[in-house]
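Colleague: These protein sequence lines are chains W and U, in that order.
Quick note: the first sequence uses the working numbering, first residue 1, plus one each step.
Quick note: the second sequence uses the working numbering, first residue 1, plus one each step.
What the hints contain is simulated information worked out from the structure, not anything from laboratory work.
Hints are supplied without guarantee of correctness; some may be wrong.
As the list claims (entries may be wrong) - Examples of chain W residues lying across from chain U (beta carbon under 8 Å, computed):
| id | residue |
| --- | --- |
| 1 | T166 |
| 2 | P185 |
| 3 | R187 |
| 4 | S219 |
| 5 | A229 |
| 6 | A244 |
Unchecked claim - Computed spacing ranges between beta-carbons, pair by pair:
| id | chain 1 | residue 1 | chain 2 | residue 2 | range |
| --- | --- | --- | --- | --- | --- |
| 7 | U | S152 | W | D68 | 43 to 51 Å |
| 8 | W | E56 | U | L298 | 36 to 44 Å |
| 9 | W | T216 | U | D187 | 47 to 55 Å |
| 10 | W | P211 | U | E217 | 32 to 40 Å |
| 11 | W | R28 | U | P139 | 21 to 29 Å |
| 12 | U | S207 | W | G54 | 34 to 42 Å |
| 13 | W | D88 | U | P116 | 30 to 38 Å |
| 14 | U | Q14 | W | S202 | 50 to 58 Å |
| 15 | U | S207 | W | R187 | 16 to 24 Å |
| 16 | U | D53 | W | G23 | 35 to 43 Å |
| 17 | U | Q14 | W | T200 | 33 to 41 Å |
For glycine and all other residues, C-beta sits at the position ideal for the given N, C-alpha and C.
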Amino acid sequence: MRIAVVMKLVPDVVEELVLSEDGKRLERGDIALKANEFDEQALEQALLLKESSGAELTVIAAETGDVDEMLYTALAKGADRALKLVGDGLQDGIWNAQYAGILVDVIADVGADAVLTGVQANDDLDGQLATWLAAGLGWSFATVVSGVEAAGESLIAKKEFAGGLTANLRLPLPAVLGIQASPEPPRYAPISRVRQIMKTQSLEEREVTAPAGSITVLSLRPPEKTGGAEMIEGDVQAKAARIAEVLAQQGI
Amino acid sequence: MKKVLAFIDVVDGQPGEIGYELLDFARQAAPEAELVAVGAGPQAALEGLAGADRALWTVADGYRPDLVGEVLTAAIVAEQPDLVLVGSTAVGMDAGTYAAAKSGYASIAYVRSLEPLDGSLAAQSVILGGKMVARVAVPDRTVLQVLAGAGSAERGRVPGRPAQVGTLAEPAAKASFEGFGRPEAQDVDITRHDVLVSVGRGIGDASNIELAEELAEALGGVVSSSRPVVDAGWLPKARQVGKSGNKVKPKVYLALGISGAPEHLEGMRDAACIIAVNTDPAAPIFEVAHYGVVDDVLDFIPALTESLRVRQG
Chain W
1 MRIAVVMKLV
11 PDVVEELVLS
21 EDGKRLERGD
31 IALKANEFDE
41 QALEQALLLK
51 ESSGAELTVI
61 AAETGDVDEM
71 LYTALAKGAD
81 RALKLVGDGL
91 QDGIWNAQYA
101 GILVDVIADV
111 GADAVLTGVQ
121 ANDDLDGQLA
131 TWLAAGLGWS
141 FATVVSGVEA
151 AGESLIAKKE
161 FAGGLTANLR
171 LPLPAVLGIQ
181 ASPEPPRYAP
191 ISRVRQIMKT
201 QSLEEREVTA
211 PAGSITVLSL
221 RPPEKTGGAE
231 MIEGDVQAKA
241 ARIAEVLAQQ
251 GI
Chain U
1 MKKVLAFIDV
11 VDGQPGEIGY
21 ELLDFARQAA
31 PEAELVAVGA
41 GPQAALEGLA
51 GADRALWTVA
61 DGYRPDLVGE
71 VLTAAIVAEQ
81 PDLVLVGSTA
91 VGMDAGTYAA
101 AKSGYASIAY
111 VRSLEPLDGS
121 LAAQSVILGG
131 KMVARVAVPD
141 RTVLQVLAGA
151 GSAERGRVPG
161 RPAQVGTLAE
171 PAAKASFEGF
181 GRPEAQDVDI
191 TRHDVLVSVG
201 RGIGDASNIE
211 LAEELAEALG
221 GVVSSSRPVV
231 DAGWLPKARQ
241 VGKSGNKVKP
251 KVYLALGISG
261 APEHLEGMRD
271 AACIIAVNTD
281 PAAPIFEVAH
291 YGVVDDVLDF
301 IPALTESLRV
311 RQG
């Protein structure tokens, strides 16, 4: 089996989110970007599949920021190849429909028969990548997947619903999976190992052209305050004492 | 706006609340439009959908992602609606964007409301972990993934079936269904406790869960968590609160180091008293909390445990 893991950079929402002057997008040069955490889960799931069934694993990311470290880290964790998609306009960020448009050809060339990516990302305003891709490729698919096993010409995927209910699905290859969680937490690649990989392995590059996006953002802004919490001030002891009082008032 | 399709989630034969919410959402957004409920499941799932003018239904059992995607695609192709609503749920994620891509419709996700815009509509979408709201122009022929809570299930649920029910032939599906898995009985059922000490990413490390356990013990409650803590393997899945975990409604919910992404809020916003602690004063959790503390949970939790012990003598 050949697996492609598609990753992308997303705004790190723990850091400050700086708006562009027109107030319609984030100022990409002034915000922190990081690997989509669900893509990290997809990568871990793919590594587990590689270990259990001997798959070849290619990690793919569009250069919508500095993706080198993300890709080298994936190699350090055990991916066989890393493919960086480069091209004009990518640095401003692309919508998922555009990303899927680029990826359809790339995935055919890689010869992948399974694509794993994160179930969602914090910026997928035009819908999720896995289903854009499944529709574009015409492959079988499942989203919100929390476990995948190889079974001959199929994958057995566990899909999660609310409240802990799951469905076991048999997806004939080729298939696209939107991964919610890997059965194991993402492994850690020591910095020393990543540095070593940077010296001994290189990223493959491929020039791509993104199709036009189909979404028009009129404005982007923090949610309006709707009252919100009574904020407790003071040093940590004073705040703890006040919360203890609140709890007592609640009869706890 | 002439016609709106609302996709009804059906899992394990049961329609989800979101379907009724979408019917209400559609009536509020486009009162004059014809409203068509679409879905795949047993006929019995049509009960309660009388708020729709019509239904277009595929009788199917089990669950197959491409089947729901193809059912919605076929309905869109047949009906050519102006607007299509799906839930921002595990079913909606299979159906919504896929059907948009297949039928050439636009796709907008995480929608919490619609507003008029020059004779058309604009959607407000909650993105970036709840830290930003994007106003997005809604072109004619768009599939919207609507957040839970955007419509009222109570208003949307109307006894009886839609006046007209059309049948949509079961489309070919590649996936096959091999059965549902039920959650195993757990030592702790977080939905049955009055006090939840819930930890998020801010707890930092598995070893710090112990601090929350001590606090929960002092309060007579149990420890629950947001999704990243479970994904990291620090707590079992049964302890997870939120869209992909449990919906809880305790008397007191302590959100410790939880930023408050919409998926988490969906599972706990009905708690009677919410106390949030986070280092980030802009964290969305403070919008739903009743009391807020800006601090590092690793400092705050031991201080609160100590405070409670002093009060309890």
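Colleague: Next, verify each hint and record whether it holds.
Modeller: How the hints compare with the structure:
| no. | hint | result |
| --- | --- | --- |
| 1 | T166 | holds, 4 Å |
| 2 | P185 | holds, 4 Å |
| 3 | R187 | violated, 11 Å |
| 4 | S219 | holds, 5 Å |
| 5 | A229 | holds, 3 Å |
| 6 | A244 | holds, 4 Å |
| 7 | U:S152 with W:D68: 43 to 51 Å | holds, 48 Å |
| 8 | W:E56 with U:L298: 36 to 44 Å | holds, 42 Å |
| 9 | W:T216 with U:D187: 47 to 55 Å | holds, 50 Å |
| 10 | W:P211 with U:E217: 32 to 40 Å | violated, 56 Å |
| 11 | W:R28 with U:P139: 21 to 29 Å | holds, 25 Å |
| 12 | U:S207 with W:G54: 34 to 42 Å | holds, 36 Å |
| 13 | W:D88 with U:P116: 30 to 38 Å | holds, 37 Å |
| 14 | U:Q14 with W:S202: 50 to 58 Å | holds, 52 Å |
| 15 | U:S207 with W:R187: 16 to 24 Å | holds, 19 Å |
| 16 | U:D53 with W:G23: 35 to 43 Å | holds, 39 Å |
| 17 | U:Q14 with W:T200: 33 to 41 Å | violated, 54 Å |
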